[in-house]
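**Q** The primary structure of each chain is shown beneath.
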Amino acid sequence: MGKKFEGISRELMALRIANEIPDGSYANLGIGIPTLVSNWTEGRDIVFETEIGMLNTGPLAMGGEVDQDLINASCQPITELPGACYFSEAESFAMIRGGYMDVAVLGAFQVSAKGDFCGWNIPGQRPGHTGNIGGSMDLAVGAKKLIIAIEHTMKTGELKILDECTYPLTAKGAVDLIVTNLAVIEVAKEGLLLKEVASGLTPEDIQSVTEPKLIISPDVKEIEF
Amino acid sequence: MGKKFEGISRELMALRIANEIPDGSYANLGIGIPTLVSNWTEGRDIVFETEIGMLNTGPLAMGGEVDQDLINASCQPITELPGACYFSEAESFAMIRGGYMDVAVLGAFQVSAKGDFCGWNIPGQRPGHTGNIGGSMDLAVGAKKLIIAIEHTMKTGELKILDECTYPLTAKGAVDLIVTNLAVIEVAKEGLLLKEVASGLTPEDIQSVTEPKLIISPDVKEIEF
Amino acid sequence: MDKEYPDINKAIEDVFDGASIALGGFFSCGNPVYLTTALSKLDVKNLIIIAMTMGIGNWELNELLRNRQIKKAICNYPFFRSVSRRSIFEEQLRAGEIECELTPMGTFIERLRAGGAGIPAFYTPTGVGTLIAQNKEVRLCDGKEYLLEKAIKPDFAFIHAYKADRTGNIVFRKTARNYNPEMAKAAKVTIAEVENIVEPGELNQEMIHLPGIYVQRLVKVDRPQIEATIEKPPEK
Amino acid sequence: MDKEYPDINKAIEDVFDGASIALGGFFSCGNPVYLTTALSKLDVKNLIIIAMTMGIGNWELNELLRNRQIKKAICNYPFFRSVSRRSIFEEQLRAGEIECELTPMGTFIERLRAGGAGIPAFYTPTGVGTLIAQNKEVRLCDGKEYLLEKAIKPDFAFIHAYKADRTGNIVFRKTARNYNPEMAKAAKVTIAEVENIVEPGELNQEMIHLPGIYVQRLVKVDRPQIEATIEKPPEK
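Protein chains in written order, with my numbering: chain A, 1 to 225; chain S, 1001 to 1225; chain C, 2001 to 2236; chain F, 3001 to 3236.
Honestly, I wouldn't trust all of these hints.
Computed footprint of chain C on chain F, listed as stretches where at least three residues anywhere in the stretch have a Cβ under 8 Å from a Cβ of chain C [claimed, not checked]:
| hint | stretch |
| --- | --- |
| 1 | 3009 to 3018 |
| 2 | 3110 to 3118 |
| 3 | 3139 to 3150 |
Simulated from the structure, these hints should not be mistaken for laboratory data. Built from N, CA and C at the ideal position, the CB exists for glycine as well.
Can you build the whole structure from these sequences, using the hints too?
**A** This is how it looks when you write it as structure tokens:
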């Protein structure tokens, strides 16, 4: 159990992540906080893919725009942008597994110091070893850069950034960057590199809610937007 | 070396093969005699595929019909029929290998009693063990029914229907039916079953130009058109 | 070749006990709603159902579960998102009344693609080092680990399409394409419910999403009215 | 993302000695004729060329051979049909000056498809019991033999297309599609010569044959004039 810090909002986490995606990128956003990233990319040169089989997804559909044949991977009615194209599920995952997604942003239950993460099964919650894997395992191994967007700790105070994951894995060694409400942490060869902390917090605060020993970047700074 | 018999023309071989393809079939025709089969299928309910990536190919294009972007797998300008569709090479061979071709008709240099056949390399003709394999190996293993259309012997009189093939194989045990200028022979479990002979010839004549011992069908008859 | 069947029940009458059936559709989008409902009225049991979800968005599938027609599910997103909600499938799974073969989404559709393409098995990086790798062969290629995954070849595929010509050439609409094409390719017999059936030559030959060779039977249906949600089944 | 390059030479200037390059086109149809010619004027050697033929229909490739720019060919139909005619490629092969990796047409394109789809290797029935099986792993699946075949991932793909929007979404025309889409997906860098370049939104989103994510560079070219034959090169 760690202490409780407030940190930044989910919206600002999404903004911080949006700033991490270079112009000219193709990106896929998972369910939850990751979905919010596209609220911050208007005017940016980023193309979003959705696993269901579409490139250049537009904002959520409103009112009369809703089309039952046009949803995203979270089953929300969406719109299309100029340059959109549709394709099959097999093509969608050929693209994902083939390494064409420059950035994927996913949620997680736990992340380890080695870049392992878990997001589909908390033991005891579902019968046997089952759960909603969906496209998470393919995105994890396929994306060139995998960003995990999570609250730094569970609501109950339990740690989520651990030496070793204790839940069933989504992928091993796949995570590149962890963005939380408290910090921005790079998964480096040597371990977790603390690069940014939320306003008002110190690296020691972050360490107090993080199991692995953090490497404090010499350039460590406040999270910038 | 066998004797020399005339038998039926290439056009009639093609007609005999056309009669072997049931209505409602999807079929692929190789280069040479097989190509002639489509001259006999007008009004029939047969859809032809070409490896380059098209279903419902039409007759050869004439004069102003010629379109440089519309050729068959033999590089001949062709036309399209109603219900035609285009697809990629990967799709074309997924279809072929996946078992969707009801009938394939190919030429061959040699065919064996076990249904092996060779059609891409005569030792000494090309450098090393190379040759134009093209789509022949995929069609051979993929087609539900493989018909080999050949002259019964080589122009030099050498036998082509052998106990064992002596040239590099296209596929093992793939041939279902052999149609030659002299006979129609089924590749059965027990061996080669002689079912039809060209007008004026006897089963003994066919055996005299066929290396494997033929099983003479009790219903053996003249080739019918 | 006119592949249209005037009667949806006639089009599925040879589905047999123990048959494996792939059902197209991604959550609420592009599901064979009419065929699934017709299947639930058929006296067949011990079915193996291959579908993304198990009654989450594709609500018609719950009727198959209620009737206890399903022996085994092959799927990638079987449950409600919220762990506090239990689907019929989850209840049956907890009771040990049904089997579940969970396969990641990309592996799921690639296994079907392989089934249609004559590829019996392939290697994939997805799932290495996870529970998905249990009892699977691992192979090193260029120093990286991959899992061996096997093709799925269902007896039947039920798909939903926007348009078809009578010979079975099919056009899907927007994201309702999803799993439908590869399921059709993988299955021995594909039955498509189609919103619009036209004559051969009326579809643009350059935009056929599923060539007719893969489709054995067509059934004309009305355009269904669907709410895009995985939260609640439609009220009856 | 505007992927158009005004200068074809600029679009290929990072091709390096020893690069592997896939060239689209089936005999005379859908070849990247302009890019191949531009490549023949570049001072790069020891290339690995992946193409259906080696200068049979795709005549421009012969210039690469004359310049001795090619170290190795991966192909499925390398020679003239008639054994009495010898191509430049055949002469160089006889002289031991070039390597040839022969792969059946379906395996050839499936290896490229695998390369683009993150599949390092797959099993196929094609070639079992033939010379193609030499030095390849054989595996029994359900009692039938299959060969292990490995993905091809070229450094570059050169493709020819009918239309593209500036973001790289591509539409091919009739049978000129052939190998082009999968080569583009397999390659690290894909350069497309395109007859018509339009603005994003002008193409029908339901008939994009190659999504823009696979295409890094576009070059506008005039529609080439091509005679459909593999018998004779065009007169100069």
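**Q** Are the hints correct? Go through all of them and say.
**A** Each hint, compared with the structure:
1. With 0 residues carrying a beta carbon less than 8 Å from a beta carbon of chain C, the stretch 3009 to 3018 of chain F misses the three-residue requirement, and the given coverage is violated.
2. Residues of the stretch 3110 to 3118 of chain F lying with their CB closer than 8 Å to a CB of chain C number 4, which satisfies the three-residue condition for coverage.
3. Three residues within the 8 Å Cβ limit are the bar, and the stretch 3139 to 3150 of chain F against chain C gives 6, so the coverage statement holds.
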